[in-house]
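S.K.: As you go down the protein sequences, you meet chains A and B in turn.
The working numbering numbers the first residue of the first sequence as 10 and each following residue consecutively.
The working numbering numbers the first residue of the second sequence as 521 and each following residue consecutively.
Derived from the structure by calculation, the hints contain no laboratory data.
On a predicted model such as this, the values are computed, not experimentally measured, just so you know.
Hints should not be assumed to be uniformly reliable.
For each label pair, taking beta carbons as the anchor points, the in silico distance ranges come out as [claimed, not checked]:
1) A:169 to B:596: 43 to 49 angstroms
2) B:632 to A:140: 34 to 40 angstroms
3) B:601 to A:140: 25 to 31 angstroms
4) A:44 to B:637: 46 to 52 angstroms
5) B:632 to A:48: 53 to 59 angstroms
Part of the chain B face toward chain A, derived, beta carbon under 7 angstroms [as the list claims (entries may be wrong)]:
6) 620
7) 623
8) 630
9) 632
10) 785
We put the beta carbon where it would ideally sit given N, CA and C, even for glycine.
For reference, the chains in residue letters:
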Amino acid sequence: MSAVQQQDVPGATGAATTIAVSRGGPGARVGLGVAALLVVLLAALPYLMPPGTTSALVKLFYLITLASMWNMLAGYAGMVSIGQQAYIGLGAYGVFVVNDTGMNVWSGTVVVTLAIALIAWPVSYLAFRLRGGYFAVGTWVLAEVARLIVIRFDSLGAGQGRSLDSITEDPLLRRAYTYWLALAVMVVAVLTVYGVLRSRFGLDMQATRDEEVAAQSLGVQVTRAKRLVFILTAAGCAAAGAVICISSLGVADPDAIFGVQYSAFMIFMVVIGGIGTVEGPVVGALLYFILDEYLSQSGVWYLVVLGVAAIVIALYLPRGLWGTFAHRTGFAVFAIRHRVTARS
Amino acid sequence: MNWVNAILQGVMLGGIFAIAASGLSLVYGVMRIANLAHGDLMVLGGYVAAMSAISYGVPVVITIPVSMVVLGVVGWLVQRMVLDRALRLEEMTPILVTFGLSVIIPNVLVELFTNNSKPLSIGSLGTASLDLGGGLTVGWFPLITFVLAVVVLSALHVFLRRTQSGRILRATSDDPSTVRLMGVDSRRVYATATVIAFATVALAGTLYTMKQGGITPFEGRLTVLFAFEAVIIGGLGSVWGTLIGGITLGVAQAVGAEISPDLPLLVGHLVFLTVLAVRPQGILGRSSLA
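Next comes chain B alone, as it looks inside the complex (with noise of 0.2 angstroms):
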């Protein structure tokens, strides 16, 4: 049974892998950027949470459309003063300038809230489960943060299916010079996704840091990992294939912790790695978004 519940702790972990690279997945596919601070963006999310409940005493569920806010803003000013002018240079701008967020973002939460864990506690929410039968458990906060995963990757393949700035995103995903011909701002699309890419991040970054308890600065260097890997395991450009990459992933690092407790990191690594070299293009691969 402990084997069949690693796996049930694995799905659930890679809710949030999912939703983290939701937003990697889409910016890459409108922007043809891989932003590298994603994973210092998460962390990012998941300071604003637990400084606005230690700070402000926000209630701890308001602290999830808190830093969803947040980070949208920031989203949006981060597309329009720096990666804007990054897409008109060379290719590598936009990783060089990512990298450079990457890291300005984990040193500045150093210097002003040092070291030390924040903590973000969600109460007996955190502890308490549900008895499946068998042996069988699942915690409820895990629950939570899967079915959340799956309403928001469900909620932005209806957005990009069924809305125009949905269609739009997807035109330009597929041909930018053309979407642009046809009189639409390109700066406005770009915006778009990022603000729903840093909003995504900061919703995975709360409940991150909500599942760990707290949230140390340099976290995002295991994060930005873990999305990557959650996309290119999936399939680039496929929302569901990046559900199923983060539970790939999830899946992956809880057998890995169930063999040995210091596993799951090279455990996950390995797998990505093994899809890369057999299956290049991920499990859902396509070529164009959603």
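Chain A extracted, bound-state conformation (with noise of 0.2 angstroms):
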């Protein structure tokens, strides 16, 4: 993980000074590890725990996936969208479409996932003729016309929502796949996040929402690297609709999938745990579930205390939880910066 390569810099004294760049470090291999290790044993779990705990498990790994998602746009690619439920909900309404072609919704769910893509690529255009709020209202518009034009489908189940009710496995089976598929596309979503910020447009991204015009001016196809981050985004949110309807056995209430709450969640989860941080979303999720699990009974006071929580968060510790963490001991399990140090 700590690729170090070490390049000779003449000093000011005529000395060589040895830089050293480096990414990763104990933490990041002994992290990495311990994630590696849980996803092993979440794998595992279906053979070790009551289907009830999977079942609630399937919430936290969308919620993560969600998170993650999110992060990516606004924390790493500075686009902050809160229009993301255009694609959570067509891709839980896709899996209706491949159903009724007789394709099981497991494999679905791939299919849903990259035709998902191909639509947020055009959309992609209109959108990124707004910036900064406008770009965040201008997408909001784009879920609302979503759901508008589904909602006009007969064949969807009108604005009445539908089930899926071609799944035919017993029970314990559909439960034992539907978490495998939920663990499945957040640890690819994760590690896709991960993977695409440890590379060349990763960095694209991160100059670009630093300042944009600068990175322009170096050569960063600014448009290219955001657009590519759309899509991406829009894709595993599509696939994160798509666990949220199978493991729901279809949609109850378009306008509820179709929500600008999952905007809010999204939002929250990531401004709590860490915008920018690979980590923060996933401990941002893990918070937000424990919460929603222990609190969501107690009305809508709590919806209140999560808004007045992401405002405090968002002006007093920017960072996030995770973020001031990692940035007081610089300490990451997904190893993102490069390092420098200088030996003389």
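Can you join these two chains into the complex? Each is in its own frame, and there are hints to help.
M.R.: In structure tokens:
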């Protein structure tokens, strides 16, 4: 994990100063090992635990997926979207479409994800006409348009939603498969974020976020980097939407699956956990998942508390919980930054 | 005649959108903040008006200034307590913060006043209409709303063009650091813009509540989109563009409703997206304020 490049640079005194550029460190090696072990353990869980536990975890997995996607979009590419529910909803409804053609829903999820990525590509041209806060609202309008169009199809249940009834396996197996699907989607999503950020694209994106004009003048293909992220995150949200649809055996309410509250939750998880870190959204999703388990019965005050917490953290702890911890200790499970150390 | 009537209704409806959009445009021009809670503030303004009439027996006409003053004070507080700090942080912080407000406001309203509609009745004025002859009619209330919209936007235009504070606002929109170098306290400029925006959105919210006959907590999720769409259709930073944007959106929705009752929202959004694709700077697009 710590690929070290060395370079000789003439120092001011004439003596050669060696600069070492490294990534990772002990935290990354141990952390990644633990993360890999955890995934293996989670994959074995349907054999070890009662189905109730795995069903609850499905929700955690799609929350982590959604948070990671929103974080890549806003935290790394600087595009604050409040319209990702468009792709969640389309992903969920896409499951019906592939299921109607006779494909099983698990491999269907892959098809749906790719199809939504194809839809997001032309949509990006429209969305990129706007920037900043107006981009945010533009994406929201696009989500509303997606909802209003989908509910015009009677075959998709019109405004009533639709149930997914042609999964014929026995319930135990169905639950296990759903669980593995959710786990796989999450692992692929987090690894994609990690991989993209370590690549040249990742650097392009972060340069674009920090100073778009400067990045452009240095030859970064700003729009291409942004478009790639836009499409990737749409695909990730679509996969999460498919998981939501499959795990709840259909869509009960189109207004909910296309609802802006998904954006609220994504923003909450990412801002609390730490925007612009790979681990932050995972921490935020975990925190939100626990809060949701215990507090969602307490009515809407709970949402008010989430809103207040997001504002307070955004204003007074802008790095979020994990981000602050990582900044103070330099610890990272998913090492992205390059560290430059000078030795003379 | 139905179509002409629909268009006329749309023009009148556009007045409310334009009033709501003017504050959004002003705040964006001065601070580069796109206030995602603008629709919820509109609803909050409606609630202040409705509750002042229900709980304190305030006469319906007086609920308008009551709502505007209350929201103006709220605007000053929000600016000083939240937005001033958000502006010093990252570019996306104001977006996150105003979105947080847009989650808080409707949920607090639900908790305090339930999901049921809070009525604000304007009595017989709601149904009275003026016959223009040839089968054309226009309601007195929509007409009053539209005239109010023109008055408010004209006042805003004159304020921005002819007064010292207005000049400072426009200058801040063009070049905030130079304005600061000239010794202007930017916090005061920002507070002025926000107070105006909150007061105008309260007016829009109260008129909207009167038009609908009542208000429910989550309507801000629709109205915020209308306000933003009106700003972008008309062109950022142009007072009259805002009016044209509001009217365009109002007409699109009214024509959509004439085609089919479940279409007004979709047609409105599609007109917005078409403008975005064809003329992204808006109908009267210019870069500076007013």
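S.K.: Evaluate each hint against the coordinates.
M.R.: Taking the hints in turn, this is what the structure says about them:
As the Cβ distance of residue 169 (chain A) to residue 596 (chain B) is approximately 46 angstroms, the hint placing it in 43 to 49 angstroms holds. Restraint check, residue 632 (chain B) to residue 140 (chain A): a C-beta distance of roughly 36 angstroms satisfies the suggested window 34 to 40 angstroms. Range check, residue 601 (chain B) to residue 140 (chain A): Cβ separation about 27 angstroms, and the 25 to 31 angstroms hint holds. Restraint check, residue 44 (chain A) to residue 637 (chain B): a C-beta distance of roughly 50 angstroms satisfies the suggested window 46 to 52 angstroms.
In this structure the supplied range 53 to 59 angstroms is violated for residue 632 (chain B) paired with residue 48 (chain A), their Cβ-Cβ distance being about 45 angstroms. The interface hint given for residue 620 (chain B) is met, as the beta carbon of that residue sits about 4 angstroms from the closest beta carbon of chain A, less than 7 angstroms. For residue 623 (chain B), the interface hint holds, since its Cβ comes within 7 angstroms of a Cβ in chain A; the closest pair sits about 4 angstroms apart. Taken as an interface hint, residue 630 (chain B) checks out: its beta carbon lies about 5 angstroms from the nearest beta carbon of chain A, inside 7 angstroms.
Among the interface hints, the one on residue 632 (chain B) is violated; its C-beta lies about 10 angstroms from the nearest C-beta in chain A, farther than the 7 angstroms criterion. For residue 785 (chain B), the interface hint holds, since its Cβ comes within 7 angstroms of a Cβ in chain A; the closest pair sits about 6 angstroms apart.
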